[in-house]
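Q: Given chain A, work out where chain B should sit, using these hints.
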Amino acid sequence: MTAAVVLTAERLSIAFGGVAAVQDISLQLQAGEVLGVIGPNGAGKTTLVNLLTGYLKPRAGRMAAAGRDYTGLPPHLVWRRGVVRSFQAATSFASATVAECLQIAVDSGRRGSSLGAMLGGMLRPRAVTDVAGLLADHGLQDVADARPDALPYGRQKILGMAIGVAAAPKVLLLDEPAAGLTHSEALAIGAQITRIAASGVGVIVIDHNVRFMTEICARLLVMAHGQQIAMGPTAAVLADPAVIAAYLGDLDG
Amino acid sequence: MGITARRLSIVVVLLVIAALPLVGSSFAIVLASNMLLLAIGVTAVHLVMRCGLVSLCHGGLMGIGAYCSVWLMMNTALNFVPVLLCSGLLTAAAGLLSSAMLLRLSGKYFVLATFVFGEILRMIFVSATDLTGGSNGIFGIPFPMRRTMSPVELYYLIAAVSLPCIGAVAWLLRSRFGNLLIAVHDNERLARSVGCNTVMVKTCAFTFSCFLVGLQGSVQAHFVRYIDPTAFSMVESINFVIPNVIGGMGSLTGTLLGVVFVALVPEFLRGFVQAQYIVFGTLLVLFMAFLPNGIASIGALLRSRGALR
Chain A
1 MTAAVVLTAE RLSIAFGGVA AVQDISLQLQ AGEVLGVIGP NGAGKTTLVN LLTGYLKPRA
61 GRMAAAGRDY TGLPPHLVWR RGVVRSFQAA TSFASATVAE CLQIAVDSGR RGSSLGAMLG
121 GMLRPRAVTD VAGLLADHGL QDVADARPDA LPYGRQKILG MAIGVAAAPK VLLLDEPAAG
181 LTHSEALAIG AQITRIAASG VGVIVIDHNV RFMTEICARL LVMAHGQQIA MGPTAAVLAD
241 PAVIAAYLGD LDG
Chain B
1 MGITARRLSI VVVLLVIAAL PLVGSSFAIV LASNMLLLAI GVTAVHLVMR CGLVSLCHGG
61 LMGIGAYCSV WLMMNTALNF VPVLLCSGLL TAAAGLLSSA MLLRLSGKYF VLATFVFGEI
121 LRMIFVSATD LTGGSNGIFG IPFPMRRTMS PVELYYLIAA VSLPCIGAVA WLLRSRFGNL
181 LIAVHDNERL ARSVGCNTVM VKTCAFTFSC FLVGLQGSVQ AHFVRYIDPT AFSMVESINF
241 VIPNVIGGMG SLTGTLLGVV FVALVPEFLR GFVQAQYIVF GTLLVLFMAF LPNGIASIGA
301 LLRSRGALR
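Taken in sequence, the protein lines are chains A and B. Everything in the first sequence is counted per this note's numbering, starting at 1 for the first residue and increasing by one. Everything in the second sequence is counted per this note's numbering, starting at 1 for the first residue and increasing by one.
Bear in mind the hints are in silico, worked out from the structure with no lab data behind them. Just to be clear, a hint being listed does not mean it is correct.
Short, incomplete list of chain B residues facing chain A, as computed with Cβ under 10 Å [to be verified]: (1) PHE143; (2) MET145; (3) ARG176; (4) ASN179; (5) LEU180; (6) ALA183; (7) HIS185; (8) ARG192; (9) SER193; (10) GLY195; (11) CYS196; (12) ASN197; (13) GLY250; (14) GLU267; (15) ARG270.
Here are a few chain A residues that sit away from chain B, every Cβ distance over 10 Å (derived from the structure) [as the list claims (entries may be wrong)]: (16) GLN23; (17) ASP142; (18) LEU151; (19) ALA167; (20) ARG195; (21) ALA246.
Positions of the beta carbon are idealized from the N, C-alpha and C atoms, including for glycine.
So that you can see chain A by itself, here it is in the shape it has in the complex (with noise of 0.2 Å):
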């Protein structure tokens, strides 16, 4: 393997009241790829992607972007490492357009204290930013100046996933980007998703629609009740006995 490591964890841990949510997770992931996570409900996933962006620390382990280690940051300093995520629900930000949504993604995420981006602000007006490279990347130029309530439910799924690459990151984590689409709408998302993974952004991508999954994902973490169960190509870890038990075997019973 040639591509450098954009993202690592090593056993990283977390529990809820005695319950252990993520136990002894390692990953690795490399520019360019995408891995996906997989695991029947409440085996950890969602967990795992918020302790990966600083959404919940980790009670153990250690994670790193780039070598650099992360642990214990704060969401917008995990920003600063390259790391961005995006929301289960499609999430955007409801009183801008759909251009000034990316606008915004774009300006949170820029290098810069809130302080001086107000001092800025009193010396000189909006900084307008283009965004028009992203509209068009996501197919989003026709809805640029409506609300995002107003799109149809996959087109807010790609502007959820478009809001995330506007902070630039050298590593996306996607939660349940297809959940609730069309085979056809998954289908378009898979795309986006492999066309972000081509221009050199490490994806790790959580969902339960396992044909989806196998399309864009090269290699799959299966989980289960907060663990590993496997880990490794995609086609391989699909016909592991173990994964079958835990979690594709309810389709047998």
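A: Here is chain B on its own, set in the frame of chain A:
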């Protein structure tokens, strides 16, 4: 509204404000002075509201600016301009210190905490009799420029402080910082993910709004020339919030219309002192029931009605 129409209306409003003493009665001038003063605090609270926070301590914070200003004018040889700035800065410092505690809270908990903080400030004003004269207040506060000033001169002084304050907030809302405010207001969780230090944004907005309300306290003390703690109670804090509700919390223009409305309605009801509060209260309820986005949304409402036809 296009940019040209917007600029044109701003110019017209500024001309009206500048020309008012030429045509207005002395009553109109005092009314306009009060309106411009109120507009500072209302604008300051508006800035905090744009983060999604409703503050009920700005009345108390205004007291810090007022007492600081009066003390400096009566005990030092400083001119009014440095005194004004000191009052603003001291209030901002108090706001910054308190924000370390207040901004840990959000929603109704923030409202409650600021309410308590405002009352603590008022009680300090009542108790610190050496500095504030306690409940008796302070009489004979000098005019700002150390000589007698006519109402017209005071009016222009107030405008010279108030308009830049409003302008600064309007400018901020349109700047990159305004985008950060939208991010914090709409979706704090998402904002943090894309790199926004949401606590810092709220701290900056709160501290700057305290600076503004400190300026108001200073000018108001020398305009009214008598202060006591009741002027900085919760009632004053609520007076800063009401125009935001009536005018529309998402629009500074609407909020300023709310200031005009709130300042004018009691004048029309002067003849019915008893009924005044009833009418005013009823109007407020009607506004919240039928126009939750305030005066600012009337235009959009009419447009959507028109589109339906």
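Q: Determine for every hint whether it applies to the structure shown.
A: We went through each hint and held it up to the structure:
no. : hint   : result
1   : PHE143 : violated (30 Å)
2   : MET145 : violated (27 Å)
3   : ARG176 : holds (5 Å)
4   : ASN179 : holds (4 Å)
5   : LEU180 : holds (6 Å)
6   : ALA183 : holds (5 Å)
7   : HIS185 : holds (7 Å)
8   : ARG192 : holds (4 Å)
9   : SER193 : holds (5 Å)
10  : GLY195 : holds (3 Å)
11  : CYS196 : holds (4 Å)
12  : ASN197 : holds (5 Å)
13  : GLY250 : holds (7 Å)
14  : GLU267 : violated (34 Å)
15  : ARG270 : violated (39 Å)
16  : GLN23  : holds (25 Å)
17  : ASP142 : holds (20 Å)
18  : LEU151 : holds (15 Å)
19  : ALA167 : violated (4 Å)
20  : ARG195 : holds (19 Å)
21  : ALA246 : holds (30 Å)
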